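Residue numbers (this note's numbering), protein chains in the order written: chain A, 100 to 359; chain P, 52 to 348.
Bear in mind the hints are in silico, worked out from the structure with no lab data behind them. Hints may contain errors.
[Said to hold, decoys possible] Every beta carbon over 12 Å from chain P, so not counted as near; a handful from chain A, in silico:
{"no.": "1", "residue": "167"}
{"no.": "2", "residue": "209"}
{"no.": "3", "residue": "337"}
[As the list claims (entries may be wrong)] So, partial list: chain A residues that the calculated Cβ filter (under 10 Å) puts toward chain P:
{"no.": "4", "residue": "163"}
{"no.": "5", "residue": "165"}
{"no.": "6", "residue": "185"}
{"no.": "7", "residue": "188"}
{"no.": "8", "residue": "194"}
{"no.": "9", "residue": "195"}
{"no.": "10", "residue": "202"}
{"no.": "11", "residue": "213"}
{"no.": "12", "residue": "215"}
{"no.": "13", "residue": "224"}
{"no.": "14", "residue": "228"}
{"no.": "15", "residue": "268"}
{"no.": "16", "residue": "269"}
{"no.": "17", "residue": "347"}
{"no.": "18", "residue": "351"}
[As the list claims (entries may be wrong)] Rough simulated footprint, nothing fancy, chain A against chain P, three-plus residues with beta-carbon under 8 Å:
{"no.": "19", "segment": "201-212"}
{"no.": "20", "segment": "239-247"}
Quick caveat: nothing in here was measured; it's all calculated off a predicted structure. Just so it is clear, CB atoms sit at the ideal spot from N, CA and C, and this is done for glycine as well.
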Amino acid sequence: MSTVAPSIFSIETKDLNLWYGSFQALKNVSVNIRHGQISALIGPSGCGKTTLLRCFNRINESYGYVTTKGEIKILGQNIYTPDTSLIELRKAVGMVFQRPNPLPISIYENVVFGLRIHSSYGTLKKSKLDDAVEKALREVSLWDGLKDRLHTRATTLQLEQQQKLCIARLLPLKPEIILMDEPCSALDTEATLGIEELMLSLAGRYTMLIVTHNMAQARRVSQECAFMLLGEVVEHARTEDLFLTPREPRTADYIEGRYG
Amino acid sequence: MLIRRRWEALTEVAIELLIRLCGISAILFVFGIFFFVFREGSGFLFHGFKFLEFFGSTEWYPTSQSHVRYGVLALIAGTASVTALAMLIAVPFGIGAAIFISEFCGSRLKETLKITIEMLAAIPSVVWGFIGLTLMNPLIMKLFGAPIGLNVLNGGLILALMSLPIIVSVGEDALKAVPDSYREAALALGVTRWQLVYRVLLPAAKNGLLAAVLLGVGRAVGETMAVLMATGHAVKIPASLLDSVRTLTATIAAELGEAPVHSEHYQVLFIIGILLFMITFVVNLTAYLFVRGIRGK
């Protein structure tokens with residue numbers, strides 16, 4: 100992951116097919132995600148959008164019965180070659196989950212967890228860790244609220260704060276891409292707004308790809324949008340174009356709420 | 052119509068009462084047993100029983116004609132040494148096996164291992180004692196040049212094998228209870244499988260794992276027949292692993308049959324029973340509190 104991608108795309112897939120056992124969840128997916136933008140994946144339940152998202156850091160493989168064919172390039176590098184380092188891949192591609200899942204340790208330790216696991220023992224100075232925590236928490240605008248109780252358990256925070264913390268703990272690893280799997284589905288409307296504002300403030304520095312059920316959310320935050328149905332990408336366009344002038348009738352039907 | 056309904060209501064009440072009785076009976080039995088053991092030992096406990104001698108002396112001469120002495124220090128040392136050795140072996144193996152079963156092996160191997168380990172738990176303790184007597188005894192004599200192979204080492208190894216199943220199964224439950232969301236969070240940050248185990252799973256499951264160890268200790272302390280056969284029946288504080296010892300449980304089992312009912316000796320054996328009862332009660336209660344700790348969070 101050391102080379103800088105020459106392309107304007109952070110993620111490129113070509114003819115990606117994926118099976119869970121004998122069930123085909125992704126069919127010939129070829130989609131390119133622009134660098135530094137927020138892109139959204141929308142579609143009804145079971146259309147494969149989460150599956151596609153989980154291919155990009157190869158966390159799908161922890162299930163064990165997954166077969167993948169085709170090509171995925173992250174930052175210009177094919178991530179399905181045998182010599183791909185999963186550890187380096189996951190440093191460059193962070194992930195935020197549907198339910199906020201901070202680890203049951205302190206706020207501070209959650210933020211430096213990534214640094215700790217990726218540095219050899221004894222090379223981390225306390226000042227460096229302190230700086231990383233402050234920087235990451237400032238970026239997600241949690242610093243002012245939490246700076247006096249960094250050593251309380253992260254699981255005692257409100258859900259919105261937990262989700263922001265889950266974003267913050269990716270940042271010390273300097274990821275290029277942040278994948279978000281319905282990051283607001285467990286939150287109320289106000290918290291959702293908070294997370295969306297955070298996403299917009301991070302846009303530009305990170306490539307963000309967000310899976311969402313909420314079409315209004317896709318319209319609010321994303322610049323590009325891909326509509327998926329039954330494992331295929333039906334249409335991929337600028338968000339305004341997709342919502343205002345969809346080319347495919349299936350897209351139009353979904354957007355107008357005729358199914359899904 | 053009306054009568055039939057009343058009959059149904061009546062059976063309903065009767066069944067509920069019966070089930071309630073079954074549930075409460077467990078409490079009744081435990082208290083009943085404690086009461087019985089306490090009653091048998093209480094006469095001597097309150098008249099003539101010397102606490103200092105009991106806990107402070109290694110001299111156990113319950114049948115001496117001239118000078119009867121009831122010091123159980125050596126017996127406590129026997130139980131402690133055998134249990135400690137057993138835990139030294141069983142805890143790393145048991146927790147290791149629990150980690151392997153819960154995190155590293157495929158579903159088919161997992162089932163096989165779990166069934167096998169449960170079978171290990173189903174072996175009667177007298178069979179374990181038999182193994183200690185006929186298999187390990189000559190083996191230890193040959194390997195270590197010891198005059199006798201019935202000693203702390205022998206008993207400790209057997210107890211380790213006997214308490215392994217409970218450590219593995221409770222430990223595995225504790226690891227399984229760690230939410231998958233923690234695993235995903237850590238994996239997505241790029242942990243290796245080993246880092247996942249010691250950075251996330253072990254800290255998150257530590258209460259449950261501690262409970263597993265304590266239940267193993269409880270099992271080892273209370274075991275009787277196997278240690279009776281494998282530890283060699285010498286009332287003394289062991290100086291090495293190759294010394295023979297006798298445990299609290301083995302003493303009761305060996306001597307109760309020969310002690311005249313309600314004699315002093317008989318009552319002292321029951322006092323040892325009370326001591327054992329209290330040790331295992333405290334160990335199990337602590338384990339329970341730890342287990343409740345994980346659920347409460």
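Point to revise | Non-conforming hints, listed in increasing numerical order | key: Those not satisfied are hints 2, 5, 13, 14, 17, 18 and 19.
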